[in-house]
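Participant: What follows is the residue order along each chain.
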Amino acid sequence: MPQIRTAYFGELDYTDGTVFQFPYGLPGFEREHAFVFLQQPHTQPLLFLQSLGSSHLCFILLPILVADANYRVNLDAEDLAALHLAPGRQPRIGEDILCAAIVSAGDGERGPTANLMAPVVVNLKEQIGMQVIQTDSPYSHRQPILAGEELAPCS
Amino acid sequence: MKRRAGESFTIGDEIEVEVLEVAGSRVKLGIVAPESIAIVRKEARVTREENITAARPMDPEAIAALVHHLWRPAKTQP
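Going down the list, the sequences are from chains G and H. Residue numbers for the first sequence follow our numbering, so the first one is 1 and each next one is one higher. Residue numbers for the second sequence follow our numbering, so the first one is 1 and each next one is one higher.
Worth flagging that the hints you see were computed from the coordinates, not collected in a lab. Since the model is a prediction, treat every value here as computed from it, not as a measurement. Keep in mind that the hints are not guaranteed to be accurate.
Far from chain H, some chain G residues (derived; all Cβ distances over 10 Å) [to be verified]: (1) Leu12; (2) Gly17; (3) Phe22; (4) Pro23; (5) Phe37; (6) Leu65; (7) Arg72; (8) Glu78; (9) Leu80; (10) Ala86; (11) Arg89; (12) Arg92; (13) Ile93; (14) Val103; (15) Arg142; (16) Leu146.
Distance windows between CB atoms, simulated [stated by the list, open to error]: (17) G:Ser140 / H:Glu16: 51 to 59 Å; (18) G:Ser140 / H:Ile11: 22 to 30 Å; (19) G:Gln127 / H:Gly6: 45 to 53 Å.
For every residue, glycine included, the Cβ atom is placed at its ideal position computed from N, Cα and C.
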């Protein structure tokens, strides 16, 4: 069984059937075409999008409906074709597609944020993914995850 | 500056922007620029920069704190 060195979880076994193809990579990482999704019980509900080619490259993703239960993704005809999804109708999150936002750790002043303007969308059946940049999105590329709350030490 | 369809303007000596079409709230632009200048939608540029930031390894403690927060039950509505 092939092994992969991961950024967060050491060495893991994987099978070819668990590999997702990203034909265009991700903006800024156009040469990264193959990823696996990792999940660990202690990091639920986060998903880890680990590059197969670069062990140090792993994006942390937040399922979009966890970020906002009312989120609607809008895929145009080109997006649907690129993802090998049926034309003419929007796919259902959780059934046809996985839709998740890339998390950024932020810095001292800015807490963690998620890019809800450009979610990662994956065709679950065909295992093809891409980052879909939404035009006219009401969401920010830096949507705070810890909305309205301050990080305070546990009392 | 106000421009109508068919009119154009320049930025410096090498870049020309022409308003090709105005339809409702959408404006179609034609841009002539040297090959060395990348022309991308702002959302794409912002996402590229955000991805590069997000790709930096996140501290395990920060991940644990984030998970902890996500599991915290939502505050009950009064």
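Participant: Please go over all the hints and tell whether each is borne out by the structure.
Facilitator: Hint by hint, here is what the structure shows:
Under the 10 Å C-beta cut-off, the non-interface status given to leucine 12 of chain G relative to chain H holds; the minimum distance is some 17 Å. Distance check on glycine 17 of chain G: its Cβ is at least 26 Å (rounded) from any Cβ of chain H, clearing the 10 Å threshold; non-interface status holds. Annotated as non-interface, phenylalanine 22 of chain G keeps its C-beta farther than 10 Å from every C-beta of chain H; the closest such distance is 12 Å. Distance check for proline 23 of chain G against chain H: the nearest CB is about 16 Å away, which clears 10 Å, and the non-interface claim stands.
For phenylalanine 37 of chain G, the requirement that its beta carbon stay farther than 10 Å from each beta carbon of chain H is met, with the minimum near 16 Å. The beta carbon of leucine 65 of chain G is kept farther than 10 Å from every beta carbon of chain H, the shortest such distance being approximately 12 Å. Arginine 72 of chain G, annotated as away from the interface, keeps every beta carbon of chain H farther than 10 Å; the closest lies near 17 Å. Consistency note on glutamate 78 of chain G: stated as away from chain H, and its beta-carbon is indeed over 10 Å from all of that chain's, at 13 Å minimum.
Non-interface call for leucine 80 of chain G relative to chain H: holds, since the shortest CB-CB distance, roughly 19 Å, exceeds 10 Å. Residue placement check: alanine 86 of chain G keeps its beta carbon more than 10 Å from all beta carbons of chain H (closest about 25 Å). With a least beta-carbon separation of about 24 Å from chain H, arginine 89 of chain G lies farther than 10 Å from that chain, consistent with its non-interface assignment. Consistency note on arginine 92 of chain G: stated as away from chain H, and its beta-carbon is indeed over 10 Å from all of that chain's, at 23 Å minimum.
The claim that isoleucine 93 of chain G is not at the interface with chain H holds, since no C-beta of that chain comes within 10 Å of its own (minimum 18 Å). Not every CB of chain H is more than 10 Å from the CB of valine 103 of chain G (nearest about 6 Å), against its label as outside the interface. Distance check for arginine 142 of chain G against chain H: the nearest CB is about 7 Å away, which does not clear 10 Å, and the non-interface claim fails. Distance to chain H contradicts leucine 146 of chain G as a non-interface residue, since its nearest Cβ pair spans about 6 Å, not more than 10 Å.
Roughly 33 Å separates the CB atoms of serine 140 of chain G and glutamate 16 of chain H, a value that falls outside the hinted 51 to 59 Å. Remark: the range hint 22 to 30 Å for serine 140 of chain G to isoleucine 11 of chain H is upheld by a beta-carbon distance near 28 Å. For glutamine 127 of chain G and glycine 6 of chain H, the hinted distance range of 45 to 53 Å is satisfied, since their beta carbons lie about 47 Å from each other.
Hint compliance for this structure: hints 14, 15, 16 and 17 are broken, all remaining hints hold.
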